[in-house]
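Could you build the full structure based on these sequences and the hints that come with them?
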Amino acid sequence: MKYLCKLAVAIVSVIFIGTAFAHAQQTVRLPVNLKQRLIAVCDVCQHKPGSNTGYRQGLHHSIEALLSGELDSAYTHALYAITQTDTGSDGSGRQYAYFIKAKVLYYKKLYTQAIAEYKQLLGNAQLDTIIRSNIYTNLGECYLELSDFKQALHYFDSWKQTFQKYNDLYSASAVYQNSGLCLFHMERYAEAENDFKQTLTVNEQLRDTFGLAMNYMNLANLYYNQYLDSKAIPCFEKSLLFAKRAGDLEALKSAYLNMAVVEENRNRFKEALQYRKQYETLHDSAWNRDNIWKLASQEKKFTAQIKENKIHLLEQQALVSNAQLKTQRWQRNTLLAVAIGFLAIAGFSLVAYTITRRKNKIIVEQKDALDLLNKTKDRLYSIVAHDLRSPIYSLKTNLAKIKTALSKGVMSETNEVLANAQHIAGNTYALLDNLLNWTLSQTNQLLFHPQRLQLQAIVQQVYFDYQPIAANKQIELQQSVPPGYFIKADLNSMKIVLRNLLDNAIKYTPAGGRVSITATGNSTQCSLQIEDTGIGMDEQLLAGLQTEGETGVQQDADGNTSTGFGLNLCRVMVQKNNGSLHISSKKNAGTQVDLLFPLNDDV
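In case it helps, mature numbering (1 follows the signal peptide of the UniProt record, and there is no 0) puts the sequence shown at residues -24 to -1, 1 to 579.
These are computed hints drawn from the structure, not numbers from a lab.
Small disclaimer: the values here were computed from a predicted structure and weren't measured.
Ideal Cβ placement from N, Cα and C applies to all residues, glycine included.
Don't take each hint at face value.
As the list claims (entries may be wrong) - Lysine-lysine pairs mimicking DSS-like chemistry, simulated, CA-CA at most 30 Å apart:
id	residue 1	residue 2
1	Lys173	Lys136
2	Lys449	Lys471
3	Lys84	Lys302
4	Lys85	Lys283
5	Lys337	Lys372
6	Lys207	Lys173
7	Lys126	Lys207
8	Lys95	Lys11
9	Lys11	Lys85
10	Lys552	Lys337
11	Lys11	Lys24
Stated by the list, open to error - Here are the in silico distance ranges between beta carbons for each label pair:
id	residue 1	residue 2	range
12	Leu319	Lys343	34 to 44 Å
13	Cys21	Leu182	22 to 32 Å
14	Lys136	Lys286	40 to 50 Å
15	Cys21	Gln127	30 to 40 Å
16	Lys11	Ala322	28 to 38 Å
17	Gln202	Gln181	19 to 29 Å
18	Ala322	Ser499	56 to 66 Å
19	Ala376	Lys562	32 to 42 Å
20	Pro574	Lys471	16 to 26 Å
21	Arg242	Leu182	24 to 34 Å
22	Leu217	Glu291	26 to 36 Å
23	Lys126	Lys11	25 to 35 Å
24	Asp441	Asn554	44 to 54 Å
Encoded structure:
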């Protein structure tokens, strides 16, 4: 029966260490992607601001220690980081400290404890994908070391189903290598060979000489156990070749020992002796290295104790700082609540003040509108009481005269009274028309449509209406308005203004007088003048008419009284058309009314 040397390497990612609790520095082989992930999640390594908290410093030192092979230091700092996770990190950061703790237990060959820690980590739904993938491979390796091949194979198969799609070559190399070892121990040689060959392909892609050394060694064992020497011996030779390239002491020891056994079984004792000597030399150097590490471990124990005391002191300081921080937070929250309360009161006060001010403004506006309505009402009552009372009384008197004349049969007197009554009715109608227009303007109900108007055309329309009236009173009516003046105004309101002004001019001009309409202007405005040679006004009456809203009582050329209400209406209408009205007059010398309007040259 062939002698098969028990391989020193059980699984590809288990590191060759001495005693499980040795304090010496060890060679830790972490997958490259796992190293990169641990460095990436370290805020200190990434130089992120605010990285001086206990958790971040603890995690940083544990990562550094793990990468340098200082397992005891990595374990200590990981435990410290775990104690700080409630105050110095978020919940997702806790997984990395727990992972390093479990990783150290795994490297220490405390497989049962490592399995418990790894399974607890798998319950974290936010677990990092690379960390989860590595946990599955380590769990399978732990069960493999415990010779629970069925359970180990379960985790390796689970990894293949879940993580193979991520194309993680580092984990794939370990999974297929160790899955092959499980199948090898379960004597499922064909499946084991497929997994070993799959591992060869992955390691060749990674150019991992250490992985290739272990892979060829396991494949050689597989063939050698089946007495397939022709396949096994080349694999042993390749394992030695790649172990030399990798420079790993334990891998070289295993390779030399396996070659010594192979050559001895082939009766090539000289070559077997040479390989045995190489093995013994490496074994002695490893023994010396371990002794040096044991001496160094005593110093490291002392240093670790100092660090432990320091950590304890830091923990006490952290407790004091936490208490102070809680007090400061309480004070801050109290001040913040008081400030918010004051701001809320100020905000409510401001809203109440704004609402009150708005209501007061509405009340003032409504009061002003009511005052205007009362003023309009009083004015209306005054007009009805004065301007309408006199003509209505005159009509009543004339109707009584007509009745008397008709009863006596005096037709000449009847015609004269009828003519007088007709004249009074015409004036009364004009007064009512002005009263209606004024009321509409005061209540904003007057239809107003500004448009571009030719001043000459408006004047001519009114001029032709009043020419017969002026001729009947033997008054000369003239108009001389150039055609080039255009204004923007409402046509109806302009006609009302011109009718009232011409009516007043004819009314206050005696027979044989003259009324003229002329226009002058410049580049920006024009002036329309209506001038008569009538009875004029004294200064007191003129001053009253110049004030908006005021009227004055005066008799016309025929002895009829008037309050000047039409003139007040004209002023309102002119202002609505963006113009202005000016009156100049002298007693017994006539009156001139000037209307100023801005020109509108838009075509």
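Consistency of the hints with the structure:
no.	hint	verdict
1	Lys173 - Lys136	holds, 16 Å
2	Lys449 - Lys471	holds, 22 Å
3	Lys84 - Lys302	violated, 40 Å
4	Lys85 - Lys283	holds, 25 Å
5	Lys337 - Lys372	violated, 50 Å
6	Lys207 - Lys173	holds, 13 Å
7	Lys126 - Lys207	holds, 28 Å
8	Lys95 - Lys11	holds, 21 Å
9	Lys11 - Lys85	holds, 21 Å
10	Lys552 - Lys337	holds, 26 Å
11	Lys11 - Lys24	holds, 19 Å
12	Leu319 - Lys343: 34 to 44 Å	holds, 35 Å
13	Cys21 - Leu182: 22 to 32 Å	holds, 24 Å
14	Lys136 - Lys286: 40 to 50 Å	holds, 45 Å
15	Cys21 - Gln127: 30 to 40 Å	holds, 36 Å
16	Lys11 - Ala322: 28 to 38 Å	violated, 58 Å
17	Gln202 - Gln181: 19 to 29 Å	holds, 28 Å
18	Ala322 - Ser499: 56 to 66 Å	holds, 57 Å
19	Ala376 - Lys562: 32 to 42 Å	holds, 40 Å
20	Pro574 - Lys471: 16 to 26 Å	holds, 19 Å
21	Arg242 - Leu182: 24 to 34 Å	holds, 33 Å
22	Leu217 - Glu291: 26 to 36 Å	violated, 52 Å
23	Lys126 - Lys11: 25 to 35 Å	holds, 32 Å
24	Asp441 - Asn554: 44 to 54 Å	violated, 25 Å
Violated hints for the displayed structure, listed by number in ascending order: 3, 5, 16, 22, 24.
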